[in-house]
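In case you want the letters, here they are:
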Amino acid sequence: MSGFRGIAAISGYAETPFSRARVDKGEPRLTAEEYYAWALELLLKQTGLEKKDLTGQGVGIIGSEWPHSEIWSAEAIQNLGLEPKLLVRADHGGANAAALLVQGVLAIHAGYVEHFLMLGADTPLSITGPASRTWRYDENYLKPFGTMGPNSLIAMAMRRYMNDYGAKPEHFGTISVVQRKHATLNPNAYLKAPLTMEDYLNSRLISDPLRLLDICIWVNGGFAILLSSASAAKRITDKPVSILGFGEWHNPNAGQPAHDITTTGVKIAAEQAYKMAGITQRDVSLFQPYDDYTVAVLMQIEDAGFCKKGEAGRFVEENDISYQGQLPINTGGGQLSAGQAGMAGGFLHFVEAARQLRGEAGQRQVKDARIGLVTSLGCVGFEGHFINNYAVVLGGEV
Amino acid sequence: MSSYPKPLPEVTPLTKPFWEASKRGELLLQRCKNCSTYIWYPRHICINCGSRELEWVKASGRGKVYSYTIVRQVIGNSPEFSKEIPFVVAEIELDEGVRICSNIVGVKPEDVSIGMPVEVFFEECTPEISLPKFKPAR
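These protein sequence lines map, in sequence, to chains A and B.
Heads up, the first sequence is in the working numbering, so the first residue is 1 and it goes up one at a time.
Heads up, the second sequence is in the working numbering, so the first residue is 399 and it goes up one at a time.
Check the hints yourself; a few may be wrong.
What the hints assert, rightly or not - Examples of chain A residues toward chain B, derived with CB under 7 Å: (1) Leu43; (2) Trp72; (3) Gly94; (4) Gly149; (5) Ser152.
FYI, nobody ran anything at the bench for these hints, they're computed from the structure.
Even for Gly, the Cβ is constructed at its ideal location relative to N, Cα and C.
Could you put the whole structure together from the sequences, leaning on the hints where they help?
Listed below in structure tokens is the structure:
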């Protein structure tokens, strides 16, 4: 443990003036968002760093007195234009700063990042009213025009994807149909009725070109995963699934006023993960990409390097992506068919990868499953790009 | 209180100039005084350089459809929108380089296309709010 001593240091700090929001006394009544912006600007001025010096580094951010703050960290960095490699949130009350500090030191000690920006702001004297809510980009600049949550944003990404790369409805349908085939072999899956391409094409348009069967299905459910040290894991099981590599990237192209919404940050995350694991995509025996929507799966096939940008449609035409094929994808049915357990949905892909790599997947077992790749996406941003992007390489044996 | 039945943006000290200009029929965008980056949606800090010196400037109000969707079912928004289905939600890339989400009207949904030149107009909702909407450019 002494290896941590002196590894990290505080290299800058900032503090805004305080207020009790007494407007009658001339005190400012600002939102937490404004205090974050203010504190960040002060820190940049003190350290002499440019904002881009923080790109690809770590960011830790706290929660808020205001309870409506789901996926708060992603929104905060989108508001600030930050583009970190590591993003964590604390919900430790008065110990928030200490909790972030320990995580920052761990990440720096590991050599994962060089800087870890700790952000804390809150406005307990003005927590009521819409001004302190999260998802304001959705409430103020999307919903008044009739957007229907992520369905509309992803539908626009899908339209653009079809326009730029010539993808056909059948390409999206292949994802839907193959994953359902896997679900029919998964006793835990919610949707188990077999599905044909005709069924897919006949499913109703929700937000054209997005069909019902392009969208995951919400379910109630729970997961638990135990991580242990390599030596401790061996005491628990003779089939440990090693974490061989991981990578992440948040809010890609943050400083740009307009994003390419057909590419995910998985492109950067997967490169990091492969490098850490010492493998290439050719070594992957099964792929569990985040599948809130079929188009997200196609994009991740490309961004994880299995084919060139724009060619995933042809890839799924020419390759078998079932559990018996060249690149088995979402072998338990994924969120499209097994179900998305709300904010826990992204656990599904890790559990299925572990099950496969331990040879415990029953009828849908991938033969010679050695290396699994899981990619995760979280939080659809204002323009329809994914803010949180991860890739993890897992292996049965080191 | 207005009887406008659909969601409306809140007017904050940050966005008051924008909504006041909308009432006058002008589309404003934020621009960074330090690095000249244009910004939409409204921020408290420049997403490019981190300066808080942002100003509101008048935009051309012209752009092209970057992408769009034809909404056919109401999910998670006001049931009032069901009266307008099918309607077009689009991301419009303005001449200034930023993208704004709005509706394309004055054209059949099936005649909208990516790259279509469009221009802004304002739809009065309440005495305080007029929403920027887009129609095919003349």
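Hints, one by one, checked against the model:
1. Leu43: 9 Å, violated
2. Trp72: Not OK, violated: Trp72(A) not within 7 Å of chain B, min 16 Å.
3. Gly94: 26 Å, violated
4. Gly149: This hint holds: Gly149(A) lies near chain B, its Cβ roughly 4 Å from the closest one there, short of 7 Å.
5. Ser152: 5 Å, holds
Checked against the numbered hints given earlier, this structure breaks hints 1, 2, 3; the rest are met.
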